[in-house]
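Asks: Here the protein sequences line up with chains A and B, keeping their order.
All residue numbers for the first sequence refer to my numbering, where the first residue is 1 and numbers rise by one.
All residue numbers for the second sequence refer to my numbering, where the first residue is 1001 and numbers rise by one.
Honestly, the hints are just simulated from the structure, not real lab data.
Mixed in with the good hints, there may be bad ones.
Said to hold, decoys possible - Ranges between beta-carbon positions, derived for each pair: (1) B/1056 / A/51: 42 to 50 Å; (2) B/1041 / A/103: 31 to 39 Å; (3) A/101 / B/1001: 19 to 27 Å; (4) A/5 / B/1098: 35 to 43 Å; (5) A/32 / B/1104: 38 to 46 Å; (6) A/36 / B/1103: 41 to 49 Å; (7) A/52 / B/1097: 38 to 46 Å.
Said to hold, decoys possible - Reference excerpt, derived from the structure (chain B facing chain A, CB under 7 Å, subset only): (8) 1010; (9) 1013; (10) 1067; (11) 1072; (12) 1075; (13) 1080; (14) 1082; (15) 1093; (16) 1105; (17) 1112; (18) 1118; (19) 1124; (20) 1126.
Said to hold, decoys possible - The following residues of chain A were derived to be distant from chain B, with all beta-carbon distances above 12 Å: (21) 4; (22) 5; (23) 6; (24) 12; (25) 65; (26) 81.
Bear in mind that the values here come from a model prediction, so they are computed numbers and not experimental data.
Backbone N, C-alpha and C define an ideal beta-carbon position, used for all residues, glycine too.
Each chain is listed here by its residues.
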Amino acid sequence: MNDLYAWSAIALIILASTTGDVLLSYSMKRVGDVGELWQQRGIMAVLARVLTTPTFALGLMAMAVAFYSLLFGLSWGNLSLVVPASASLTFVANAVAARIFLHERVGRRRWIAALLVAAGVALMAI
Amino acid sequence: MTFRKYLVLAGITIFSTAGDSLLARGMKEFGGVNVSLHNLPSLLLAILNPWVTAGILLLLAFFTCYISALSWADLTYVLPATSLAYVLVALIGHFRLHEVISPTRWLGIMLIAAGVGFVAAGPSVTPTRHRESSPDVAEMES
Chain A
1 MNDLYAWSAI ALIILASTTG DVLLSYSMKR VGDVGELWQQ RGIMAVLARV LTTPTFALGL
61 MAMAVAFYSL LFGLSWGNLS LVVPASASLT FVANAVAARI FLHERVGRRR WIAALLVAAG
121 VALMAI
Chain B
1001 MTFRKYLVLA GITIFSTAGD SLLARGMKEF GGVNVSLHNL PSLLLAILNP WVTAGILLLL
1061 AFFTCYISAL SWADLTYVLP ATSLAYVLVA LIGHFRLHEV ISPTRWLGIM LIAAGVGFVA
1121 AGPSVTPTRH RESSPDVAEM ES
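Okay, chain A solo, but in the shape it has when bound (with noise of 0.2 Å):
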């Protein structure tokens, strides 16, 4: 039973975490690479474009909601199950939905390293 409710908590975190993930760097697009806002318009334009993104707001949520469910996760299971299997996911889920929903050209050299980084993640949680 208690596998069960670790297995919903790490579903759970791996879902969070990548919508946040993709919220984030969708904001961060619509927002414009910050380094030439800074020099051309200064810091304050650069916190106020950000700030008033309203999917920004959304991706720092879903993010809080992934804290909130690693935390519960631990606390239902081992954290050498929860951590790694959450951390290696999210990687491949954030490949997957950073190609569906941001349309970024996930090539064959991005599948490679995401799934090398995500196996390298669990072996090094172990």
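Starting from the known structure of chain A, arrange chain B on it as the hints suggest.
Replies: Just chain B, lined up with the frame of chain A:
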């Protein structure tokens, strides 16, 4: 990719590693208090611990680097850079704290490093019609 952009990516790795370790050190010093929503006051007190404060400041620096990298690079380009933090933690543990790293973990380190190398050698951003053309876009199309 300019030198400054590589510095921002390095910032992601370094600030998240340093932030996490300071936070962990602070929370351990804070004691084995069971941190949960039931003892929220003690959680608020933890912020007063200098290690925790420093850790939070560094994690804020990490977040700033992370979102600014996302403003000019793809998510699938930035994320592997963040995973270098795992490698950095292990290497610091090995060389500074003389922790033993098992063969499995060394293999994990090598896989992550290989993955990061794969991504870093490729283009950093997908060109879009909506964005103005930047040197990075030209770099991708070449």
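Asks: The structure should be examined with respect to each hint, and the outcome stated for every one.
Replies: How the hints compare with the structure:
no. : hint                       : result
1   : B/1056 / A/51: 42 to 50 Å  : violated (19 Å)
2   : B/1041 / A/103: 31 to 39 Å : violated (47 Å)
3   : A/101 / B/1001: 19 to 27 Å : holds (24 Å)
4   : A/5 / B/1098: 35 to 43 Å   : holds (38 Å)
5   : A/32 / B/1104: 38 to 46 Å  : holds (43 Å)
6   : A/36 / B/1103: 41 to 49 Å  : holds (46 Å)
7   : A/52 / B/1097: 38 to 46 Å  : holds (44 Å)
8   : 1010                       : violated (15 Å)
9   : 1013                       : violated (13 Å)
10  : 1067                       : holds (5 Å)
11  : 1072                       : holds (5 Å)
12  : 1075                       : holds (4 Å)
13  : 1080                       : holds (5 Å)
14  : 1082                       : violated (10 Å)
15  : 1093                       : violated (11 Å)
16  : 1105                       : holds (6 Å)
17  : 1112                       : holds (4 Å)
18  : 1118                       : holds (4 Å)
19  : 1124                       : violated (11 Å)
20  : 1126                       : holds (4 Å)
21  : 4                          : holds (22 Å)
22  : 5                          : holds (17 Å)
23  : 6                          : holds (18 Å)
24  : 12                         : holds (17 Å)
25  : 65                         : holds (15 Å)
26  : 81                         : holds (16 Å)
The structure fails hints 1, 2, 8, 9, 14, 15, 19 (numbered hints given earlier, in ascending order).
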